[in-house]
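With the hints as a guide, bring both chains together as one complex.
The lines below spell out each chain.
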Amino acid sequence: MEEKNKYILSILVDNEPGVLARVAGLFSGRGYNIESLCVAETTDPLVSRITMVTIGDTAIVEQIKKQLFKLINVIKVYDLTGTEYVQRELILIKVNAKPDHRAEILRIADIFRSKVVDVGPEHFTIEVTGSEEKLAAMLNLLKPIGIKEIARTGKIALARETK
Amino acid sequence: MKLTGAQILMEMLKQEGVDTIFGFPGGKVIDIYHELAKTDIKHILVRHEQGAIHAADGYARAGNRVGVCLVTSGPGATNTVTGIASAYMDSIPVVILTGQVPCHLIGNDAFQEVDIVGITRSCTKHNYLVKQTEDLARVVKEAFYLARSGRPGPVLIDIPQDVQQKEIVFKNPDNVNMRSYNPTYTPNMIQLKRAVQQLKKAKKPIIFSGGGVIRSNASEELTALAHTLHIPVTSSLMGLGSFPGTDPLWLGMLGMHGTYRANMSIHESDLIIAVGVRFDDRVTGKIDEFAPNAVIVHIDIDPTSIHKNIAVHTPVVGDCKITLGLLNTLIDQEDFTPVKENRKNWLEQIELWKQTSPFTYDQKNIIKPQYVIDKLYELTKGSAIITTEVGQNQMWAAQHYHFDHSGQFITSGGLGCMGFGLPAAIGAQVACPDRLVVDIAGDGSIQMNIQEIATAVQFNLPVKVVILNNQYLGMVRQWQELFYDKCYACTRMDHTPDFVKLAEAFGALGMKATQPEDVGPVLKEGLSSDKTVIMEFMVEQEESVYPMVPAGKAITEMLLA
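Protein chains in written order, with the numbering used here: chain A, 1 to 163; chain B, 164 to 724.
In isolation and in its complexed conformation, chain B is listed as follows (with noise of 0.2 Å):
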């Protein structure tokens, strides 16, 4: 059978199950476009490839499978490269196809020519140019593998015009054959008993999840764990949902914002069994002084996450579901009565950290940002799934919005990048058509990519947003105010749209809360709606978010008001 390179790339997409692709056409991906356009696979036209890219990976977090994206060259290209950057960070499957120039151009400044191979090669996990039509079949399977299978991540695949056009005998390649790349899944059983032994002896154990508990579906192994051995949990931003947020054994966030119990226990704790997270530096504080009693059991399947930032005990190279597993079984072959007894005083000491600032405020005549959040977990009975920007609205979601489930709450959360929430909620409902999805938004974040409540209106996406607007960049305010003897440089955003006006005139609902009264009234009927909707709360201009461990301070130096 004879195919074009476009014909080829959409038979293996369809052999990779890709239902859908977030994307925006151009000069070097009309043939792609062409061929597209007689599948079935399902084209979300977004109105700027960043908003593709971002998209793809709220899909892929909230479908859990491989989001992809489709753009051109150049400008294209480099639109995705913050999204492909973020994704990189958390470790998100997604595939990325970027048109290119013919291969005979390359090299000679063409226009749209850029060298997204070369510009991406540090944020992708790999990427391709594909210069020969005959390669494109195993490039593509090969992309898809990587992006999924051991720690996840974005691959791109850059593909000239003349290699999309070509037409050659169709050869199905059967499976990946990558002889440098083999992840390690089953860890060292040694390295696990020895992990037992320290559970055995631990007074004042606890586990701390991220992200890569999510990335592998490891939420049952995990919470499986905490209630056999009566151990309470704690999780970094990208952690969250990975245990359940109303647990009684469910200590809060950890780190700069984190719960002063979680960070408290943390740094009392004599164990530590962390599993799937990277100890980035929001979360340990000033490093020489993070949990200096504490033995380190880290479990990751990436080795250059281990000893990166921490010096750790017991390494355990292997994928969090596979090894919790395997952990646990080890767990229920031994007699660990004595040590659950052992537990009443951890846990009671916990109990007397929890009474410190467990984020209060106080509700009176102007809206508190917080009182929007908590609101909003009542209504959605903590149901839904959460995008968010970044900043202080993201913060505050994670801090008051309590997520029983993986893949709940989608944030980027490495990267830091502003403008992600509202593509990523696109790409959330995309994934789970019939859940609630919602994108808490400041009003500084939502518009870096406000252009894509076109595309959620266009494609009958009811994503609700909702913007707390307090007319200033806040976490950078926050920082002035606290480090920076309150110079507010360039943070104060005293025009912003009518968002009211401005979600009409996308055709989406728009509406605005002004009075704490309204809080409750107005989010009701927006996530009844059946529409893309933007809420608008005008809140607490300088309300800031405590806990607060100020940038190089241990984790247990925290402002608290």
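Bound conformation, chain A alone (with noise of 0.2 Å):
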């Protein structure tokens, strides 16, 4: 069996209501995966940009795009895996902050370069947004503090521009 991988596509549709429900069905439908998923309006409001990671063999992924590109909705597929392209995550990660820790929290919260947007007695929420290994990374350091809740975007890409 050939080893599954994470692809990263970035798909421009059609702003239409109903788009993000076909593609969401053609992934359940056909039995593929979606990692995760972010949609919203390009700088053109008659188009949205989908940023999607998934996960499977060539073949699969290969079939994937296909199908994708199938769908009358979709206007262009790109594959960003395997090319050079920026990527980004965006977190909200609310932690306790008692008194002990809120040093601590702030010092780390700067270290990541990240934003405190709501503080409370007993907590921060803080807004950090980087790769997928500095956010791990930053998750790993709060989490014997004890992270209340987070929401987390899904990853958003675009290709670097030849220089």
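BS3-like cross-link-like pairs, simulated, lysine-lysine; straight-line CA separation at most 25 Å:
#1 A/K76 - B/K471
#2 A/K163 - A/K76
#3 A/K66 - A/K76
#4 A/K76 - B/K304
#5 A/K70 - B/K471
If you are wondering where the hints come from, they were derived from the structure by calculation, not from laboratory data.
Right, here's the structure in full:
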């Protein structure tokens, strides 16, 4: 069996109701995996960009790309995997902040160049963006202190321009 | 010019050349029906919406144009889903018009409301909910374009009642402009030249044709290719008729119930030219053992068909007709004389295989179902349009009737949908009023849409239904016999209606044959009638379809009897 890998796809679609349902339905109907998904309008209000991380072997992912492109509302499918691209993810982390830990939390937040966006007597909510590795590292550091809850976006990505 | 949505719909249907609609009225399409009645468009009133969609499908296949079906919201719409799925699997161009509750009620669980766009998303090529009358003309134009272009398929348009009623200034959309949809018709020539070189090297080539050849009208090009290079041809169930069934190079159908020689030829071949096929599991059997020594050239208009089930060596994305035409031109420019001379051994080998299990049966004192179809073939001189239900009747029809022309064999191939044959025959008869249309049915499947006999009678459609009555759900019974210790769980149907009386009750002609010697006379009389006819044949109850490749086995592992 060929190894399964993560693939990151950037998909331009018509900005119309139901298009996300078509894309998501394609994945559920054909048994493909969605690891993360991000959708928003582009600078052209008629077009949205879906950034999706999927898992599969080469043949499956080839088929996924073709099936996506076959959807009438899909304009373009870019496979960023293995190319030069920048990617970001954003997490909001609500962390327990008892007096003993407040300074340490702020130090960690500073190291990761993140921002405290909400403060309370018992918690901080921190906004952090970055690569998957960076976010994992930060979560690891905060875990012992006590993470109350997190909300995270899927990955977004853009290809690098050739220099 | 100010028009209502319903009037705009009629205007657009006329522009698309629609002359027939199969449908069933209801509360949320009254406005459309009100306008329809004022046009010249013929409306065939079915008895169940599933009949409408299958009839539109049969009409599309026999008439080689887009079939149209019109139903109301809610149950009207959901009743078409099976037929839409069938058309989708078989790539048949149909446009389904459904009524919908008014926009302000959508989402409120209104009376007869259903999210049909949501329900059919995965079984249509595309679908639309039209929320503004202003969009309607463009959507209808796009829908017809989508249905018939590229890889054809069903397209559904859901039209809320207020959208039908609103009056606006009608603007004719001049052309379809869809930036995200551009089917590839012309193939990559580098790939095609590779195919030519592979054809030059091949000693044991075979052509495998499918429904795509029929959809793109490429029979002539396919036949020319086979004849020029002396290449034998096999087809999937959907491809029957794409190559003449009486041609000496014809091997018969491939796959689970294919001929011994077709399955052996594919297995032994060193080159497969696969055209308009999708390597369905019913054709390949066990994938790992499919055609182990063959280089595969796969021509198809849909890129997702390529490399989906089988890894191929030379993928060619393009329209079958255009691609085969170009391939034939390339071949004409090369010297193939030595190749053709080399073909003798291969064709001789195939001739030997031909002698194994050539669909034989022993016609003794109980009617054999195969005999009925052989007789039907003989009496119709192979010229009828044949539709089928699904199961043994379908396989015997595929094996024993020989199809010389595209569009002559109409069957629910991909979905395998019982109840398809009769309404499809009605559609085919409407498309081809001068042809003889015969539905080959089983006693089980005919009962799934038997109500459509009333439609045929009402519209003077002289379709002929041949029921092979074995008082079983025969194909499942056959599996139970072979793989489930002969435990015939719930497949016995020993009470079927009196089909003769039933036919008469509908106003059709009913006939029945119980003895082999009756088969010919019943067929002769039934086929020559100008009425809708049901002919029932009491056949050998436990007859099975052979050869048979058990599920999951290689296609060479055929059970021959």
